[in-house]
Amino acid sequence: QKEVEQDPGPLSVPEGAIVSLNCTYSNSAFQYFMWYRQYSRKGPELLMYTYSSGNKEDGRFTAQVDKSSKYISLFIRDSQPSDSATYLCAMSARGNNRLAFGKGNQVVVIP
Amino acid sequence: DSGVTQTPKHLITATGQRVTLRCSPRSGDLSVYWYQQSLDQGLQFLIQYYNGEERAKGNILERFSAQQFPDLHSELNLSSLELGDSALYFCASTRGQGAPLNTEAFFGQGTRLTVV
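Line by line, the protein sequences give chains A and B.
Each residue of the first sequence is one higher than the one before, counting from 75 in the numbering used here.
Each residue of the second sequence is one higher than the one before, counting from 3 in the numbering used here.
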């Protein structure tokens with residue numbers, strides 16, 4: 075079993091729809107959970123960061139962490155064509171030097 | 003612009019050859035990470051340096067090596083290249099090391115390596 079699982083299947087949604095992305099993980103030591111966004115031909119950039127369980131909201135973006143289920147989610151409300159990108163989840167344990175990434179979900183928002 | 007500079011942007015080379023990828027971290031960042039990104043494997047952590055010292059190793063092949071210099075720039079050396087080494091190679095930098103200090107990593111634009 076991979077440490078971080080993210081179904082890489084592409085997702086196409088109409089503009090204004092809610093986008094729902096998720097990752098599961100196996101390492102119970104993970105406490106820091108991140109979502110990175112990667113535009114085509116660019117490097118990933120940090121979108122959201124959550125510590126431990128709970129929800130975090132930033133504008134149209136909401137990140138949720140359920141440590142008991144080892145499951146994290148990212149929701150994008152009122153999706154825009156500019157949200158078209160690949161979204162990668164990433165996780166780390168306290169004091170650990172590496173980030174473990176999921177494979178990424180390609181999202182296409184159709185105008 | 004993340005502030006992380008990677009050169010070259012593209013590299014095409016033949017099997018068996020050796021190449022060097024270069025990374026200049028964001029000003030003030032002491033930690034540099036190297037990642038390999040391919041369609042089937044996603045973003046794989048290779049190696050991390052902090053202030054000139056190797057601090058963490060991931061799925062880095064023995065044919066690959068890296069170092070971080072006193073001016074904090076880093077180089078990733080790939081030798082005896084194989085077709086399967088074709089991928090995007092990213093460098094990222096952070097101020098500190100160890101979560102939570104490394105949760106916001108700033109990535110360069112990557113070097114696209116094609117081995118023919």
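It is worth saying that the hints were derived from the structure and are not from the lab.
All values reported here derive from a predicted model rather than from experimental measurement.
Ideal placement from N, C-alpha and C gives every residue a C-beta, glycine not left out.
Take these hints with a grain of salt, some might be off.
Just the calculated beta-carbon pair ranges, DEER-fashion [unchecked claim]:
| no. | chain 1 | residue 1 | chain 2 | residue 2 | range |
| --- | --- | --- | --- | --- | --- |
| 1 | A | Pro155 | B | Ser88 | 44 to 54 Å |
| 2 | A | Tyr125 | B | Arg20 | 26 to 36 Å |
| 3 | A | Ala167 | B | Asp42 | 38 to 48 Å |
| 4 | A | Ser102 | B | Asp42 | 23 to 33 Å |
| 5 | B | Arg20 | A | Asp140 | 29 to 39 Å |
| 6 | A | Pro88 | B | Ser82 | 26 to 36 Å |
| 7 | B | Val118 | A | Ser143 | 22 to 32 Å |
| 8 | B | Asn61 | A | Ala103 | 15 to 25 Å |
| 9 | A | Ser114 | B | Gln19 | 41 to 51 Å |
| 10 | A | Asp132 | B | Leu63 | 15 to 25 Å |
| 11 | B | Gln19 | A | Lys141 | 43 to 53 Å |
| 12 | B | Gln19 | A | Glu77 | 30 to 40 Å |
| 13 | A | Lys141 | B | Asn61 | 36 to 46 Å |
| 14 | A | Pro84 | B | Ser82 | 18 to 28 Å |
Output of the computed footprint for chain B on chain A, the stretches with three or more beta carbons under 8 Å from beta carbons of chain B [claimed, not checked]:
| no. | segment |
| --- | --- |
| 15 | 81–91 |
| 16 | 129–137 |
| 17 | 142–155 |
| 18 | 176–185 |
Exercise. Against which earlier hints does the structure fall short, listed by number upward?
Worked result: 1, 2, 3, 5, 6, 7, 9, 10, 13, 14, 15, 16 and 17
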